[in-house]
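Please construct the entire structure, taking both the sequences and the accompanying hints into account.
Residue numbers (this note's numbering): 16 to 324.
Certain hints may be false.
As the list claims (entries may be wrong) - Label-pair ranges, simulated between beta-carbon atoms:
(1) Lys193 x Glu20: 35 to 43 Å
(2) Gly233 x Gln208: 19 to 27 Å
(3) Glu61 x Leu175: 50 to 58 Å
(4) Arg92 x Ile60: 17 to 25 Å
(5) Glu119 x Gln216: 20 to 28 Å
(6) Ser237 x Lys190: 13 to 21 Å
(7) Arg145 x Asn75: 55 to 63 Å
(8) Ile60 x Arg145: 56 to 64 Å
(9) Lys174 x Ala78: 20 to 28 Å
(10) Gln216 x Val105: 29 to 37 Å
(11) Glu24 x Gln112: 16 to 24 Å
(12) Lys30 x Leu212: 38 to 46 Å
(13) Arg92 x Thr250: 23 to 31 Å
(14) Asn75 x Glu273: 40 to 48 Å
Derived from the structure by calculation, the hints contain no laboratory data. Beta carbons are placed, not taken as given, at the ideal position from N, Cα and C, and that holds for glycine.
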Amino acid sequence: MKPNEKSIEIIIKYKQYLKLEKSLSSNTIDAYLTDLDKLFAYLAIENINYLEVTLENLENFSAGLRDIGIHPRSQARILSGIRAFYHFLVLDNYIQQDPTELLESPQIGHHLPEVLTVEEIDRLIAAIDRSTNEGQRNCAILETLYSCGLRVSELCNLKLSNLYLEDNFIKVEGKGNKQRLVPISPRAIKELQNYFLSRNQMHIKPKYEDFVFISRFGKNISRIMVFHIIKELATQINLKKKISPHTFRHSFATHLLEGGANLRAIQIMLGHESIGTTEIYTHIDRTMLREEIIEHHPRNKNTRKKNTI
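This is how it looks when you write it as structure tokens:
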């Protein structure tokens with residue numbers, strides 16, 4: 016099926032729908048469109064119009080993904096994107112019935128990412144050369160990732176104007192441009208303040224002055240650079256675990272759970288939507304959320320001990 020004028024128009028509208036109504040990032044939108052191309056390629060071979068697709072057609076397509084060895088997790092992602100497309104077609108009245116309603120996804124085994132111990136996190140940070148401006152920045156990056164449980168994209172886009180360090184909070188813009196307040200530990204605040212001394216001497220390019228973490232090129236630090244920093248440190252200390260920026264986020268949540276923190280509060284801190292995050296956020300007192308983190312996060316143990324002496 017070659018794209019005609021109508022199908023091109025529909026895809027353009029679908030892309031706008033994903034961006035404006037679903038508030039997806041450019042990378043996610045590109046992934047959705049790439050996965051949709053896979054379906055279109057299959058339909059072209061079978062000479063099937065995508066507006067006339069049946070559940071059986073989609074089940075055959077799904078079986079084909081499995082037969083060519085695509086991992087179940089990737090299969091599920093592709094089918095998720097296809098569901099989103101047909102949901103859009105129904106919403107905009109291009110079709111009357113959604114053929115994906117009964118489409119099943121492959122069974123995916125639970126894969127738990129690596130978790131770092133507090134000692135391993137300390138070893139990674141201790142391996143950083145603090146004598147350089149970049150070294151002090153990297154210390155602040157790792158402490159902020161772990162202290163606040165941020166996504167790497169949230170860290171890279173963190174703004175100075177969203178830091179409320181006197182109140183031990185930062186404001187984070189997460190997926191879908193949704194904002195949340197996250198408590199930050201005293202140790203992370205200290206590392207940030209140390210980093211700001213060197214940051215003040217950096218040449219920062221126009222329009223990037225408000226970003227917290229700046230690269231040597233005067234712009235906000237990139238996701239790839241954060242990955243690289245962590246990989247290099249893991250190699251330095253001969254850490255055998257396969258880690259990434261997300262490892263710090265997962266360790267943040269795991270350590271809080273192990274310490275007895277309220278699960279719902281943790282989900283809010285992480286910006287998850289699985290339990291109606293936005294609605295719950297309006298009903299939980301911010302002071303309680305901060306106390307949950309202060310009470311159970313390993314980085315705050317020393318602070319609690321001092322306060323009880």
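Non-conforming hints, listed in increasing numerical order: Hints 5, 9, 10 are the ones this structure does not satisfy, whereas the remaining hints hold.
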